[in-house]
Amino acid sequence: MAAEAGPTTGGPDEHVRRVRLPADRRTPATARAVVRSVLAEAHLEELLNEALLLTTELSTNAVEHAQTELDIEVVADRVGLSVMVSDFAPGPVDELTVGVRNDSADIAQVAERGRGLLLVDHFATCWGTTYLPSGKGVWFRLDRPVSAAERRDALAEGRRLAPCAPGDGDGNPAEASGPSAAAMSELMQTRPEPYADDPLPDFATDLLTRVAGMVGATGGLVRLDRGDGQGAQVLARYGRQPRTDSELLRVPLAVQRPYSGELELDAVPSAYAHPLAALAAERLSLHLENDRLRRADVRRQAWLTFLAEASELLAQSLDVELTMALIPQLVVPRLGQWCAVHITDEWGRLNLAAASHADESVLPQLHEVLRETGQDSIQARLREAIRIGTQVPLNGLMEGFAVPLVARGQRLGTLAVGRHQRHRHDPDEVAVLEDVARRAALAIENARIHAERRRVAQTLQQSLLPPVLPVIEGIGFAAEYVPTGDDAEVGGDFYDVLPLPDGRWLVVIGDVSGKGVQAAAVTGLVRDVIRVLVGDGKPLPEALTRLNETLVERGGGRYCTLALAAVGPGAGNQLDVSLHLAGHDRPVLLRTAGGASFVGAGGTALGLLDTITSPTSMVPLDPGDALIFYTDGVTERRRGRELFGPDRLREAAAPLAGYSADVVAARLRSTAINFSAEPPRDDIAVLIIRNDAV
1 MAAEAGPTTG
11 GPDEHVRRVR
21 LPADRRTPAT
31 ARAVVRSVLA
41 EAHLEELLNE
51 ALLLTTELST
61 NAVEHAQTEL
71 DIEVVADRVG
81 LSVMVSDFAP
91 GPVDELTVGV
101 RNDSADIAQV
111 AERGRGLLLV
121 DHFATCWGTT
131 YLPSGKGVWF
141 RLDRPVSAAE
151 RRDALAEGRR
161 LAPCAPGDGD
171 GNPAEASGPS
181 AAAMSELMQT
191 RPEPYADDPL
201 PDFATDLLTR
211 VAGMVGATGG
221 LVRLDRGDGQ
231 GAQVLARYGR
241 QPRTDSELLR
251 VPLAVQRPYS
261 GELELDAVPS
271 AYAHPLAALA
281 AERLSLHLEN
291 DRLRRADVRR
301 QAWLTFLAEA
311 SELLAQSLDV
321 ELTMALIPQL
331 VVPRLGQWCA
341 VHITDEWGRL
351 NLAAASHADE
361 SVLPQLHEVL
371 RETGQDSIQA
381 RLREAIRIGT
391 QVPLNGLMEG
401 FAVPLVARGQ
411 RLGTLAVGRH
421 QRHRHDPDEV
431 AVLEDVARRA
441 ALAIENARIH
451 AERRRVAQTL
461 QQSLLPPVLP
471 VIEGIGFAAE
481 YVPTGDDAEV
491 GGDFYDVLPL
501 PDGRWLVVIG
511 DVSGKGVQAA
521 AVTGLVRDVI
531 RVLVGDGKPL
541 PEALTRLNET
551 LVERGGGRYC
561 TLALAAVGPG
571 AGNQLDVSLH
581 LAGHDRPVLL
591 RTAGGASFVG
601 AGGTALGLLD
611 TITSPTSMVP
621 LDPGDALIFY
631 TDGVTERRRG
641 RELFGPDRLR
651 EAAAPLAGYS
661 ADVVAARLRS
671 TAINFSAEPP
681 RDDIAVLIIR
691 NDAV
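Residue numbers (the UniProt record's numbering): 1 to 694.
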């Protein structure tokens with residue numbers, strides 16, 4: 001192999017261009033334009049394809065790796081062209097690589113240095129690297145074929161026709177075999193169709209066909225395993241099936257996990273077979289990596305959408321049982337063949353809360369396996385996951401893994417998931433399952449908290465209402481109570497019926513402002529103070545005054561509206577009702593003969609002023625007459641901007657004359673509820689007193 005420090009130039013017939021270009025993506029195009037103009041001046045158009053290809057490779061490599069300004073020197077004479085690309089990047093001085101069409105022993109070394117140098121080595125008459133004080137330069141020389149007459153003239157004049165090419169005895173350049181410049185250019189320019197749905201199969205087939213034709217292969221395959229459980233699939237095929245008994249040329253694809261694959265060629269070994277196959281595999285790998293990243297991005301977006309939808313579904317349920325039943329339905333079959341949710345009870349035991357399987361016929365078998373309690377059972381692995389607080393693999397027939405359900409530092413149980421039918425969970429799926437477990441645990445804990453609040457609210461609400469109404473001969477009592485739409489909130493409405501020391505009965509209905517525990521505390525206070533005062537025989541006006549003083553002294557901004565009615569026998573079969581209203585809506589008197597009207601005189605609400613007024617109204621009830629008490633949850637029931645209102649209540653009560661107290665209360669409750677499709681925003685309470693005397 002000959003080696004020189006640079007291309008030999010000089011002479012009157014030379015055409016020279018020297019240009020400095022920036023490190024820019026447009027530099028290779030500018031360099032090609034300079035070379036094209038020099039070749040045109042020297043009438044060397046026959047070298048155009050090879051010269052442009054090699055110029056592109058050298059200038060592109062310099063732009064990408066040196067990232068400095070470039071000096072392009074182009075020299076053409078009567079028999080050839082020399083091009084040098086110099087950069088200004090500092091670096092160590094390596095061994096000079098220069099030669100004429102490297103032989104097969106040098107091809108591997110060239111391939112290791114880069115595919116661009118492989119092209120330079122193949123097409124250049126000679127090439128090399130020159131190290132300068134300011135950087136380094138890579139050059140190549142292309143010589144055109146010469147005739148016998150030109151060789152004789154050159155010998156007579158003492159000129160060399162190929163300044164860096166060792167020739168044969170007659171001065172001919174060494175003949176080279178291999179792919180043409182056009183074939184190499186087409187191979188390098190082959191790209192996937194940008195607008196195709198799945199361009200990789202066609203691109204791989206085109207690339208494989210071109211490289212197989214260049215190395216003379218009779219057959220070839222590109223196998224690709226995307227790590228999706230499908231195994232290695234044939235992405236592209238050329239010619240006949242590669243023979244298994246032959247020594248195939250195999251080049252692995254340089255792709256990241258979970259992708260893997262290789263390019264196979266049934267070709268006779270040659271100097272350029274392996275480098276060209278490696279070049280094709282490298283170009284294919286680049287686009288496969290783009291495909292992997294694109295698919296991974298699409299998959300991550302799908303997982304994010306899945307997690308958002310799962311969170312929304314879990315957040316919509318505040319029922320513990322429903323939430324736990326929903327979790328396996330979200331997991332199967334998208335994230336596993338089966339899923340089971342176990343919850344830890346107060347004694348630390350794991351209890352199966354919900355399970356699902358992609359094949360429902362296998363569900364009984366799954367339940368049986370989940371109930372096993374041996375040392376190597378799934379139950380043992382689940383307890384281990386709770387103990388260590390991290391995921392634990394499940395082995396055996398029910399292969400998969402278990403994730404502890406942890407919410408607010410409390411370990412609630414486990415989420416066990418079985419592997420996919422075709423493959424194990426990849427890291428992305430494991431991360432999604434762990435995220436699902438966190439969200440599921442939080443949803444279960446929220447449902448538990450809500451259930452506890454609901455139980456507390458119901459217990460507190462029941463303590464503020466009488467368990468049953470008394471049964472009195474000649475007097476009918478009935479009540480209906482509908483809490484607000486939030487069943488975890490305690491309302492401020494209440495009612496009560498209690499005996500008076502003089503033998504009469506006191507009917508109480510009231511409404512404390514606001515909701516929640518504070519309103520419930522005031523409600524309990526009002527109810528207990530009234531019971532104590534009337535139990536001591538205090539007159540109703542005095543009881544209201546004392547109650548108002550208590551609420552004013554207590555403060556807190558809470559007030560209460562109240563209606564008191566003392567019911568006792570009157571003349572004949574009548575009932576006499578002594579009515580006192582403290583800021584409460586007037587009740588409706590429903591006559592058995594027909595007609596409904598408001599009765600009573602308004603008074604001052606309790607807890608707002610130091611003194612109050614509460615006039616006494618006497619209302620006689622004939623047999624069959626009824627007195628209807630209600631809270632503002634009835635009259636302020638809203639449908640859009642329209643209120644139910646007291647007048648609509650009176651109109652709804654009029655047709656109920658003659659019905660029992662239970663029927664009247666139930667009908668009015670139904671009428672108020674059906675007025676709007678929305679759940680009640682305020683408590684609804686209806687209390688009926690009816691003269692049941694015959």
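If you're looking for bench data, these hints aren't it; they were derived computationally from the structure. Misleading hints may appear alongside valid ones.
Unchecked claim - Derived DEER-like restraints, expressed as beta-carbon distance ranges: (1) Asp198 / Asn674: 56 to 64 Å; (2) Glu321 / Asn290: 42 to 50 Å; (3) Glu262 / Asp359: 48 to 56 Å.
Heads up, the beta-carbon is just placed ideally off N, CA and C, and yes, glycines get one too.
Okay, the hints, checked on the actual structure:
no., hint, result
1, Asp198 / Asn674: 56 to 64 Å, "holds (58 Å)"
2, Glu321 / Asn290: 42 to 50 Å, "holds (48 Å)"
3, Glu262 / Asp359: 48 to 56 Å, "violated (36 Å)"
Comparing the model with each earlier hint shows a violation of hint 3 alone; every other hint is respected.
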